[in-house]
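Asks: Read off the chains here:
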Amino acid sequence: MRKPFTPICCNCLKIIRLGVLLLSFFLISACAGPEVAGPQGSVFFPPAPNPPRLQYLTRISSSADIDGKKLGGLSIIAVGDTRAEKPKPIIKPYGITVRNGKLYVCDTSPGRLVVIDPARKSFEFLKGNYSFGKLKKPISSEIDRDGNLYVADTVRKEVLVYGPSGNFLRAFGKGLEMKPVDVAIDGDYLYVLDIKNHDIKILDRKTGKHLDTIGKGSNEEHFLSLPISIDTGPKGSLYVSNMTSGKIVNLDRDGHLLGEFGKLGDGFGQFGRPKGLAVDDQGRIYVVDAAHQNVQIFDKSGRLLMFFGDPGLPFGSLNLPAGIAVTSQGIDLFKEYIDPAFAVEQLIFVTSQFGPAKISVYGLGKLID
Amino acid sequence: MIIWKVIYRLAVYCSLSLIVFSFFTNTAAASCLTGACHQELQSFTRLHEPVAEGECLSCHESVAKEHPLKKGKSFKLVAAGAALCVECHDSFDPNVGKLHPAVADGECLVCHNPHGGNKTGLLRAAGDLKVICFECHNAEPFAQQFVHGPAAAGVCLECHMPHQSKHKNLLISDSKSLCLRCHADLVAGLENSAVIHAPINNSDCSACHEVHGGAFAHLLKADGPKLCFSCHEELADKYKKSKTKHTALYKDDRCGNCHSPHFSEYASLLSELESETCLRCHGKDDFKRSRALRNIRTEIAGKEHLHAPLADGKCSACHDPHGSDFYRLLVNAYPENFYAPYRKGTYAFCLDCHEENLLRFPETSIYTSFRDGKHNLHYTHVADSRKGRTCRACHQAHASNGPKLVNEEGASFGNWRIPLHLELTETGGSCSPGCHRRISYDRENPVTER
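So the protein lines, in turn, are chains A and B.
Heads up: the first sequence is residues 1 to 369, going by our numbering.
Heads up: the second sequence is residues 1001 to 1450, going by our numbering.
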């Protein structure tokens, strides 16, 4: 015979409820373990059956991706490492520069610049970003041979200069009525890309003296047109990406047009909205396209070599990409992500303004024979 | 006693029988050679052993009671073909090496006389063996203009095994070693030289040479350059179609004028260092010709500055010795005339190495230090649309005592050599050539209002 239901007393019910609640917290705390960063398996470009020439390696979105210190998300009850600090995030990155293995990332929304040193596993905000050196909207930066940092700020409409230790030194550009969007350095020349006047201001790197303005070609067709990114190529020539013409223009210091390639369109080698641009030590030109959401690589004659980062992949896709930096230094720092069958010759860092991967790291190279 | 008598009689009968048998057989052989029938068999200086011994019946056997028969034969060989020979001589194992087809077919008598001969091996010919060999082999190569010595002498066995060999064509050893047995003057060079012509290692001498005879000197398989082009195909078109031809390639030893065919201490099998190879012709006075070659050796001797490729001994950096479509066998375009305004491509030869934008822009602060402020004086001189002057108006091509190979002696201008009188300062300089009054230039503080 079935035993009749026995009512539970109120105290017992409270104890059970408390127990369930504690169990729930415990389980939630247990689930909020360390986040898995980096790629799940090797992602190569171009896709098979083409021989792979580029591998997606990892992403950097906060200090946790560099120093490995994670905060236990929803933990209220002390579980795991309670000493961990809250990770420092990258919010909306734009320009990125790499020099001697260190990354300099302009984070536009919070108005700060992140200095990442993978070798030292450090992730720091620029020290001199206060008072006269306070950044309002840093958009891109460059390092000179003395280790000084030059940051283009579109709200201050100046180029701010910081010393090798990160202290603010001086600002250039007051009175030039410009809106600097990118900077490049060759010797003692500081090239400031002015999107407002569609030209390049050449300043003395040390004094900020305005030496010349170039970019207004003899033929209107060759004028810079909403120029957005600049980098130096072989023998000090300049490459500039132009948003409204879709052209990548190659100029010399005197403003002579040495060559150009690209146009607006959605074909191979064409651009929807060209943004960041970088030239590697082999003379290859990497151009970020915010509309196509990819990066196209060209040889020095402007011939398209390949493209990567298009949307739709579980890993390795870009999300409103903006800046790019390329280096052949510090490849070993990313060795753990490189496929054993692949030899990386250049590291490529691309910023995405949205999405979980704020900085996507790729390696250009080839399969090992 | 009876038993002893019987034994004695048997011994006597046996001895008598043997004596009688021996008498009759010797008499038979003696009758073959001494009679009036087969006496010619004794005319050879060397007799086949059974013949010398009178052992005719070791090879022949009687098949009829009478001999000779008027119709038919009364003797036959005791075995056919090689089967008879191998009763005394060693046979050849076909697994050991390739057999001469005559041997494989058991046709020993194609080459040998069975009864005797006048040289070793009872061969059917003495001395010049071609007589025997040509019965089967093609005689045509031996009738060519140039014949290999051993082939001409008919000593085929200096190179070939007659019966069997492990090497191709029944050679007595591998091809290269075989050649070097006689051509011993090449041995040291092939062992010690830095560069060996590829076919010698990859193939053998017959890649380039005929072995018996041919129509071309040195027994080459084809006429000089044509033979070389069979491998060096890329040079064939250049040789035939180049607008400017290198005379050395079309006279005397042609390719061999510069290259050693077998080995060399120098790259590209040149017989000397590259510059020395060139200067062998271009470095001496030639008073025999009305348009003699310039003596470059004299022109560069003792000069303070050599053009960088020449300093490296690399004439081929600028000149293509196999032919070119450009002036003076240059590897790219350069004007032949003294006046030649710069156009894209016209000075490609110089600009392949020197700054490609040197002559492109009238104003520059980058591509030349020969400028007044930004005014590009190279552009002024060379890109002048009416009388653009070629580089040689101011620069020497090979060597000079002046910096930047400036021609201190002056460029040839008809019968005159135009002096330059260049003087340099820290930031510019001046010159008063035969072309204009002294004009100064300064990169930092421009001299001329423009």
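Read the hints as simulated data drawn from the structure, not as lab findings.
All values reported here derive from a predicted model rather than from experimental measurement.
There's no promise every hint is true.
[Unchecked claim] Below are the DSSO-like pairs computed for lysine-lysine, each with C-alpha atoms no more than 27 angstroms apart in a straight line:
(1) A/Lys88 / A/Lys136
(2) B/Lys1344 / A/Lys216
(3) B/Lys1344 / A/Lys263
(4) B/Lys1243 / B/Lys1226
(5) A/Lys206 / B/Lys1374
(6) A/Lys235 / B/Lys1374
(7) A/Lys235 / B/Lys1284
(8) B/Lys1098 / B/Lys1168
(9) B/Lys1226 / B/Lys1241
(10) A/Lys206 / A/Lys235
(11) A/Lys196 / A/Lys179
(12) A/Lys137 / A/Lys196
(13) B/Lys1243 / B/Lys1176
(14) A/Lys216 / B/Lys1226
(15) B/Lys1374 / A/Lys209
(16) A/Lys157 / A/Lys121
(17) B/Lys1168 / A/Lys235
(18) A/Lys196 / A/Lys206
(19) B/Lys1344 / A/Lys300
(20) B/Lys1176 / B/Lys1166
Asks: Hints first: check each against the structure and report whether it holds.
Replies: A quick look at each hint next to the structure:
no., hint, verdict
1, A/Lys88 / A/Lys136, "holds, 19 angstroms"
2, B/Lys1344 / A/Lys216, "holds, 24 angstroms"
3, B/Lys1344 / A/Lys263, "holds, 25 angstroms"
4, B/Lys1243 / B/Lys1226, "holds, 19 angstroms"
5, A/Lys206 / B/Lys1374, "holds, 22 angstroms"
6, A/Lys235 / B/Lys1374, "holds, 18 angstroms"
7, A/Lys235 / B/Lys1284, "violated, 42 angstroms"
8, B/Lys1098 / B/Lys1168, "holds, 8 angstroms"
9, B/Lys1226 / B/Lys1241, "holds, 14 angstroms"
10, A/Lys206 / A/Lys235, "holds, 21 angstroms"
11, A/Lys196 / A/Lys179, "holds, 5 angstroms"
12, A/Lys137 / A/Lys196, "holds, 16 angstroms"
13, B/Lys1243 / B/Lys1176, "violated, 40 angstroms"
14, A/Lys216 / B/Lys1226, "violated, 59 angstroms"
15, B/Lys1374 / A/Lys209, "holds, 19 angstroms"
16, A/Lys157 / A/Lys121, "violated, 33 angstroms"
17, B/Lys1168 / A/Lys235, "violated, 61 angstroms"
18, A/Lys196 / A/Lys206, "holds, 24 angstroms"
19, B/Lys1344 / A/Lys300, "holds, 19 angstroms"
20, B/Lys1176 / B/Lys1166, "holds, 15 angstroms"
When each numbered hint is compared with the structure, violations occur for hints 7, 13, 14, 16, 17.
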